[in-house]
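K.L.:
For the record, the sequence lines run as chains A and B.
Numbers 1 to 435, taken from this note's numbering, label the letters of the first sequence in order.
Numbers 1001 to 1435, taken from this note's numbering, label the letters of the second sequence in order.
Worth flagging that the hints you see were computed from the coordinates, not collected in a lab.
Keep in mind that this is a model prediction, so the values were computed, not measured.
Do not take every clue at face value.
[As the list claims (entries may be wrong)] Across the chosen pairs, the derived CB separations fall in these ranges:
1) B/Ser1283 / A/Ile85: 52 to 62 Å
2) A/Arg187 / B/Glu1296: 21 to 31 Å
3) B/Thr1196 / A/Ala406: 54 to 64 Å
4) B/Ala1372 / A/Ser231: 28 to 38 Å
5) B/Ala1036 / A/Asp360: 15 to 25 Å
All C-beta atoms in this analysis are idealised placements derived from N, C-alpha and C, irrespective of residue type, glycine included.
There are 2 protein chains.
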Amino acid sequence: MSEVRNTPITVAMLGCGTVGGQVARLLHEQADDLTARIGRPIRLTGIAVRRPHRHPEIDPELLTTDAEALVDSGVDLIVEVIGGIEPARSLLLRALKSGTSVVTANKALLAEHGPELHAAADSSGADLYFEAAVAGAIPLLRPLRESLAGDRISRVMGIVNGTTNYVLSAMDASGSGYAETLDEAGRLGYAEADPTADVDGFDAAAKAAILASSAFHTRVRAEDVHREGISGLSAADVAAAQLLGRTVKLLAICERVVDQSGAESVSVRVHPAMIPRAHPLASVGGAFNAVFVEAEAAGQLMFYGQGAGGAQTASAVLGDVVAVARNRVAGGYGPRESAYARLPVRPMGETPTRYHVSLDVADRTGVLSQVALVFAEHDVSIAIVRQEGRSDEASLVLVTHTASDAALRSTVDKLAGLPAVREVVSVMRVEGEEA
Amino acid sequence: MSEVRNTPITVAMLGCGTVGGQVARLLHEQADDLTARIGRPIRLTGIAVRRPHRHPEIDPELLTTDAEALVDSGVDLIVEVIGGIEPARSLLLRALKSGTSVVTANKALLAEHGPELHAAADSSGADLYFEAAVAGAIPLLRPLRESLAGDRISRVMGIVNGTTNYVLSAMDASGSGYAETLDEAGRLGYAEADPTADVDGFDAAAKAAILASSAFHTRVRAEDVHREGISGLSAADVAAAQLLGRTVKLLAICERVVDQSGAESVSVRVHPAMIPRAHPLASVGGAFNAVFVEAEAAGQLMFYGQGAGGAQTASAVLGDVVAVARNRVAGGYGPRESAYARLPVRPMGETPTRYHVSLDVADRTGVLSQVALVFAEHDVSIAIVRQEGRSDEASLVLVTHTASDAALRSTVDKLAGLPAVREVVSVMRVEGEEA
């Protein structure tokens, strides 16, 4: 071996929590394999942490509290597993601008400040890899950006939050309500003490922004994503889905929308939706993640696996570390990420969706025609109607064809005000089937 | 734009059948997007075919019958979609040795002559990409080689042949026998006129060799793969699986095996097996493909999609074309493929497997103990026994724990010779559950 081939690729890590600890372990345990796969050894030169005494398992020589000095130390790449916006943002911008490549698992940072980070990487040519930011160990961004680079992606639809999927799977299995199921998920360790980021859809929205950016070559930020969480869901919603052979999932949906004039835009949204039980996403249970992709030539694809966990996320981080290291060995940086398409993000109100509406109505002549008239007035076409009487009350279930979300929402608002409608039992979007 | 940025990446194609026609179409239709994604335009400079008059849809200026001259024409990359061994092998070796990168969908060639092709690529540094060779449009080789490059893959198990999966799904649904189901598949276009390559497992074995090579950084060739097809399967086998809540699939299995001394080897095999109905692969129906991957840190992953079809395979080819083109724009070739591990391939007889055995036995005292003794004599431990009498005959179903395949086979041979055993109704391996 020549001297160059023995010169290590140097790596510094920012943060050493659940994921960072696993990255350090794997770098050590897999050292021989990584060297063989890369062509040169990898050396971890330092880890920036706030409280070094909390990391007794790490060689103290590696630990530092001076993250800036570590970023400036001239390493080949920085692994960022601090999470959150600051100081991660400033440290990564500093690294990228100086030509130091970055591997990060930080979905919030990418979803809020992706354009700034990509611009910094472009300015120096440094690599910016972030496979671990979406769906943990599931290879997803690399397939979207590379494997499907010659195809035209029309839709990415996935279950990308394990906590909410656990809660919804449990509600579907037990018939229990939302609050008690979330409590149980917390007791079992499937939900954080403060589950807001999960149940209100912030986590899924950040991932949707990253997925849409990669799929559609367009910069989409978290604030562009229409977001609804699961905290408003009731046992009645889940039961209503079951009655129609469907199940409720919190979906991140990124779609290419072509309007009548041929103009293209992207719709990026996170909301609960009913999907048919036969849909590949329906059987994704518990804390698993899965993402369904539709492309013009490739057809339907699905990627499935564990979306969270220290070791799982570390696997994705290490894959990126090897990629950056191989680029260094091959002589520089990898191909650039492109955002040439610059498609506008479509407002939710103008996005075509389908609704399921379940109503309790008075069981008397003319009610169905009153209800149907409200749909017709909003130009919303009805696909399925099921009416079932019980004494003087009837249950009326309607599923629409595709219409603008705003028209569907107005329809529901108007229905709620009809004297014959006693209660709007459940309103939910329908996905995963032909309109 | 500078002159360099407008200089096209030149592509020549060998063959223009179902896949090639779609590649040509997509290169044309997606030209603007491809240019933006790559940073330079792509130009198709020629297509070598045997009979130019059979391609009226292609610009005649592009067509040539002189494949060698096209290979020597100085293009940036060659797309090979001829299939088969010769002349593809000679043409690709010629291209790679001269530094021309290659994208191929040719699984038979890679599985039989992979080492030779990789050596030629290594000698010049040229890129050799072949995502389309396994599981059509499903991104699989790139995730194995890149996304999981920092992890340790323990198993790759998949449904990689659509024809046999269609036949097995139909047998499972209808209870029909093999021959009539294959006939029907042929009538519906799911099986070729000569289905040998599919039903005898040759196609799946070639894919298994390619998957094992990528997953374990070891060159595995088609001839190293233990291969059993589905033509010996009966309705009784499928019914026996159903009785235990299982279903029968033709699986390609690539496993890392560590023996008691700690020595590592790989087992690569294609055979029918029973898997639990709850296993993610069990619900993969019809002509779909899916591959299940287990890695130490990433845990369980699954990749699902359409494994065949012109457009689907072309999508994978185009993804590789973009990758090679981006490498050219970035200044050369991509990182090298590594086969450093050089793990030995374990003979099937020494591979740990589990068997399901269904017997018709005489219903008299002592039969179960005779049968159990045969297992014990071969050091095979029994996990499940179910006996059910009907008049003077009984049905006896046994599922073993893990043992060497040779010990299991000897056990079955010995059982078949026991006077009390009237018929061996079904023998099949069991996969996808803890032993």
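K.L.:
So which of the earlier hints does this model not fit?
P.N.:
Hints 1, 4 and 5 are the ones this structure does not satisfy, whereas the remaining hints hold.
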